[in-house]
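Enquirer: One letter stands for each residue in the lines below.
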Amino acid sequence: MSNAVEQIIAHYAGENPGVIGKLRRLLHTGTLAGTGKLVILPVDQGFEHGPARSFAPNPAGYDPEYHVNLAIEAGCNAYAAPLGFIEAVAHKYAGRIPFILKVNNSDSLGGPDQPCSALTSGVRDALRLGASAIGYTIYPGSGLRNEQYQGIRDLIAQAREVGLPTVLWSYPRGAGISKNGETALDVVAYAAHIACQLGAHIVKVKPPTDFIEQKEAQKSYLEVPKSTLAERIQHVVQSSFNGKRIVIFSGGAAKGSDEVLEELRQIAKGGGFGSIMGRNAFQRSPRDGKKLLQDAMAIFRG
Amino acid sequence: MSNAVEQIIAHYAGENPGVIGKLRRLLHTGTLAGTGKLVILPVDQGFEHGPARSFAPNPAGYDPEYHVNLAIEAGCNAYAAPLGFIEAVAHKYAGRIPFILKVNNSDSLGGPDQPCSALTSGVRDALRLGASAIGYTIYPGSGLRNEQYQGIRDLIAQAREVGLPTVLWSYPRGAGISKNGETALDVVAYAAHIACQLGAHIVKVKPPTDFIEQKEAQKSYLEVPKSTLAERIQHVVQSSFNGKRIVIFSGGAAKGSDEVLEELRQIAKGGGFGSIMGRNAFQRSPRDGKKLLQDAMAIFRG
Amino acid sequence: MSNAVEQIIAHYAGENPGVIGKLRRLLHTGTLAGTGKLVILPVDQGFEHGPARSFAPNPAGYDPEYHVNLAIEAGCNAYAAPLGFIEAVAHKYAGRIPFILKVNNSDSLGGPDQPCSALTSGVRDALRLGASAIGYTIYPGSGLRNEQYQGIRDLIAQAREVGLPTVLWSYPRGAGISKNGETALDVVAYAAHIACQLGAHIVKVKPPTDFIEQKEAQKSYLEVPKSTLAERIQHVVQSSFNGKRIVIFSGGAAKGSDEVLEELRQIAKGGGFGSIMGRNAFQRSPRDGKKLLQDAMAIFRG
Amino acid sequence: MSNAVEQIIAHYAGENPGVIGKLRRLLHTGTLAGTGKLVILPVDQGFEHGPARSFAPNPAGYDPEYHVNLAIEAGCNAYAAPLGFIEAVAHKYAGRIPFILKVNNSDSLGGPDQPCSALTSGVRDALRLGASAIGYTIYPGSGLRNEQYQGIRDLIAQAREVGLPTVLWSYPRGAGISKNGETALDVVAYAAHIACQLGAHIVKVKPPTDFIEQKEAQKSYLEVPKSTLAERIQHVVQSSFNGKRIVIFSGGAAKGSDEVLEELRQIAKGGGFGSIMGRNAFQRSPRDGKKLLQDAMAIFRG
Amino acid sequence: MSNAVEQIIAHYAGENPGVIGKLRRLLHTGTLAGTGKLVILPVDQGFEHGPARSFAPNPAGYDPEYHVNLAIEAGCNAYAAPLGFIEAVAHKYAGRIPFILKVNNSDSLGGPDQPCSALTSGVRDALRLGASAIGYTIYPGSGLRNEQYQGIRDLIAQAREVGLPTVLWSYPRGAGISKNGETALDVVAYAAHIACQLGAHIVKVKPPTDFIEQKEAQKSYLEVPKSTLAERIQHVVQSSFNGKRIVIFSGGAAKGSDEVLEELRQIAKGGGFGSIMGRNAFQRSPRDGKKLLQDAMAIFRG
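Protein chains in written order, with my numbering: chain R, 1 to 302; chain X, 1 to 302; chain D, 1 to 302; chain V, 1 to 302; chain U, 1 to 302.
Bound-form chain R, shown alone (with noise of 0.2 Å):
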């Protein structure tokens, strides 16, 4: 029994034994477990991207095995994927590793006028490849807002059913905000507290950069600190009911990795619960990727 683990779950008291179950799972698989810290590793890209761009630097990523291979072998969490990469390895690697089942997913060819995300599988899907939980992405600020919210608040119920929690990826994006905006800092913390309020066990979002965007903020945060990035971060963490959500945060497009190992130094110096980090990892070579994500679990364990 892992101290770090039950004062993180003691703010879950209230959800069901099988969602929490598989909260303990994720917080006690790999290099991190027991310590209240998550390094997932994602792969959606080569829908949201398309599959050049996402796999022709390495190009052994074209294979799904290669992914959940990497997830196991550098001790991540967990493996989070669309169906399809899922479906191609789950008989294989089921109970290996805890997957998380993307349930909707955006490409770049085109969609709707507002960001919104389309279902690709589902509650039903997550229990039959034997996923540990199911991840959502909402875009607040996206005109399809209800759309999503709503998709979400009943997705979220039917996993709980059958006692699996929810990741929300929660991207701001949209018509009323600029793009500098996505990332502000008064802009995630609203996306990581929204998500929060639907319900979310787990909030995904990314690191928030040192700018306000919403005019009616800006006299909000006239005192609260926010020059370095460990700073925003706790702002984020406190924006998701004081530290009592898990919040991770995501990479972002592939860089040097110095400036990785930086970026996680402050997510984890300002109180973020991980990392979830996928260009930067498989876009590497096999050794170089493995090896860039158990540095930044050493960051998370101290």
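Don't read these hints as lab results, they were simulated from the structure. Predicted, not measured: the structure shown is a model, and the values here were computed from it. One thing to keep in mind: the hints can contain errors.
Which residues of chain X face chain R? A partial, calculated answer using Cβ under 8 Å [what the hints assert, rightly or not]:
| no. | residue |
| --- | --- |
| 1 | Gly46 |
| 2 | Pro51 |
| 3 | Ala56 |
| 4 | Asp63 |
| 5 | Pro82 |
| 6 | Ile212 |
The C-beta atom is built at its ideal place from N, Cα and C for all residues, glycine as well.
Please build the complex by placing chains X, D, V and U on the supplied structure of chain R, with the hints as guidance.
Expert: Below, chains X, D, V and U alone, put in the same frame as chain R:
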């Protein structure tokens, strides 16, 4: 047995015992128990306006536990909040104060062209969390009016089946209403009447101003007394089935205590059934917020 | 057993006994019982036009109990109202007068671009409240026609299953119809015919004017007598399956008693089955309103 | 046992006995019983064009009983009409002539921007009223094509389950088709083919003109004989699974008897399975209407 | 037991025995049985382009029986067609060749603003008609992408439940894609990848050209060999889970036999799993069409 309460309850004859029982519970809780009056603490501003704009003035409010505690300690009749805030505290506080689960919400990052909140929880959540009522916002005047009226129609029916009453936030807003018109006397009275016709058990509107929005209505208001807030409140109560439905009034943005209390006196004088006061309570220090709520109750107790 | 009633009922042969029974009940209630004629009191104007515009002329009308009492005392065949107004009185008045639950409603604050009422109650509510029929408004001519026709199709089927007949308010309105066209003879006759084809048991239209809206229809009206209201009523009755469906006529905005009564005489002379009269009744003083309803009944009794 | 009928029925092998039985019933009713040909009386013009435009020329037609009588007396294979008209006569005429319940309808007062009929009845109504088939209109070429194709897909499946065949009115219309194109040979043949692919048992189209609408199709028609109506009918029959589906042709607006009969001769010569003739029948005097229908049958009997 | 087939089937481990069994059946039918390669005859062009454009070059094709016969005699693995064409032959040919029921279709007369096929049949039809798989078209790049992805998500789940695999036609098309881009290498590879991620068992795309559509993707293609069709096919196969999903290629509009066969050689050389060839087969004379299909099979047998 309270005469004041039973006189109100008598107007809901025909409702099933489950719903009646929960209404009695709301009216028999806290400092105002048995008076037929209500002061409710609502905390959905994190969702509606963002966490920093809501909680930076009193950072204790980032923690969901702060608010339910404040409501209990101040002696409120109920605590209203979205799914996440209720989920975070229900296991510990269920049974100690009635919860009103706010089942739809808007954020201020984006959304549909015409005002319409997203469904974020439901009747089954209310049951699961031990709530005593559901809350829902309609925006009369919106081009998406039909979706909202039909939505609440279905929710009221579902809630009734499991013995839960419904609190309706009726906030006029949308294409055909001017900014001033949103709190115009004719519009607020109309919004309250619509909520009653839709079957709401408790209606929440904003205090009306001395302004008539609709040209077609101006003649009808020639002889309606409306120069004081108390008179306008009286007209809204009259428009709510001649006082046979519970109508409470929201407080709006934070302001000076004197101003708040004077408004409450007018509401009480006009026959309003109570107040639902959020930012004016939780954006003050714990001591000041609690005091203001208690002063409000003192006014309604008379 | 009334011959006048049974001659009407014979045209509904094939309907199930539940529906037939409720139709008999409507035709065997009040002053006009057994005559085959109907005078109904509808009070949905609070919802449709706002409370002050509806009830300020006679403030007793703010109270839902006022109207059902007026209908009973005047000897009406039925009382029609939206959910809230029926809920407020059903426990006390169910069984004393047939209720028609108006299951959809519009307000005049805003709404969709093309006319379409919101669903505000349903067949289960009608059962729960002891209603004898449901009422529904369609707007032929609206761009949202399909939603409305399909909606009433489903509701008629549901209502029939539990033995309830349907009253259809058929009010032409929308993009392709001029303001004058809304009461044009061709359009009103067409609207009545559509309502009959949709399966309505009782059709409510406005008294038609001596105007032909549709160019394509003008030739067809060359030999249709239409200079008196009685003749136009006769054409509408003919267009309603040659008089085999009950068609009643609404009174419109309040006006002088002589004018109202002259209109009713023409309706009666033209073979109309009765009148549905709201504002002209409840916006008068209790005594005058009751008297006007009784005068109307005297006309239809002949 | 009729060889002509059984040869047609053989092309529906695989259908369930219920559907086959109703098809046999349609082909074994009236004057043309056993010939494999059909003349059907449809009366939905009151709904589609309005009552006066439909029935003023022969006011007996305002009465729903007139038409079913005409169909029986003239010896038609079936009588097709919307819900209301069938409900008004079903109790008296069920079993005396097959009814085709037209389950969707348009009026000419208004509607969606792209052509799409409203659902006005359904398969359960067809069963309840003793109908032998359902009828449905699609508008190939409409921007709302998908809603219509998906709608009829579901209805055909429901109807089949209870042993009812489906008659599909396939009328090209909409944004991309010129007025002349609506009856162009390529477009009518295409519309008939689509109806067959959608699973219709009987297809109804308009007689095609000697015009090719689609540029891409012109080359394909260089060698298709098309100068006479009979040749064009033959091409439509060929396009309907090489004559393996029953295709009948509508008569359109009222015109002179000689013109009507010449058109029917061409339809018969081209291998058409029959005619569905409304206004040309019921807008004539009872005697003339009946005679024209009988003359039509004489042509198809050959 | 065929090694070639079992190596393919191994990549579908985790699927239920029903689906696996049908995949084996497709791979063990016809001339290519046991080779792991497929040649399929699809005939939905009557629906998609109209009957004359499809069948005038070889009028025998107006008859639905022609095509299923051609598929059987030529030794195809399967025959794919819309509902009507399958219904017309299923009773006679079920069990003689696997049917793929194409459950959605577009016509070229009109439709929604963004490409989206209409649902025209379903899984229950597939069962009723003895089909071995369902087929569905998605248009990546369409503004209605979400509807289509969610639609196929549901259909795949339904089909799986009754042991039927799904063939996905993935044809990029829509607002953001240029005409040339529809067959661009990056876009076709992306479309194939999306289809795999959506859970398709067999993916059908068009042979890609040597063109890169998306600016963001150009860098990724600098080192991808792509000058020959075989190389491009290889990239598409790689993008389809590194060859772990069956990808077949369509032939497009009719052209000279030499050209067709050269294209097939390249597809085979690049590792494509086969071809789905319609117009090139059925628009030739029966003898030539059969010969071309057999020549195609000879190429894939190698």
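Enquirer: Mind listing which of the numbered hints don't hold for this structure, in increasing order?
Expert: 6
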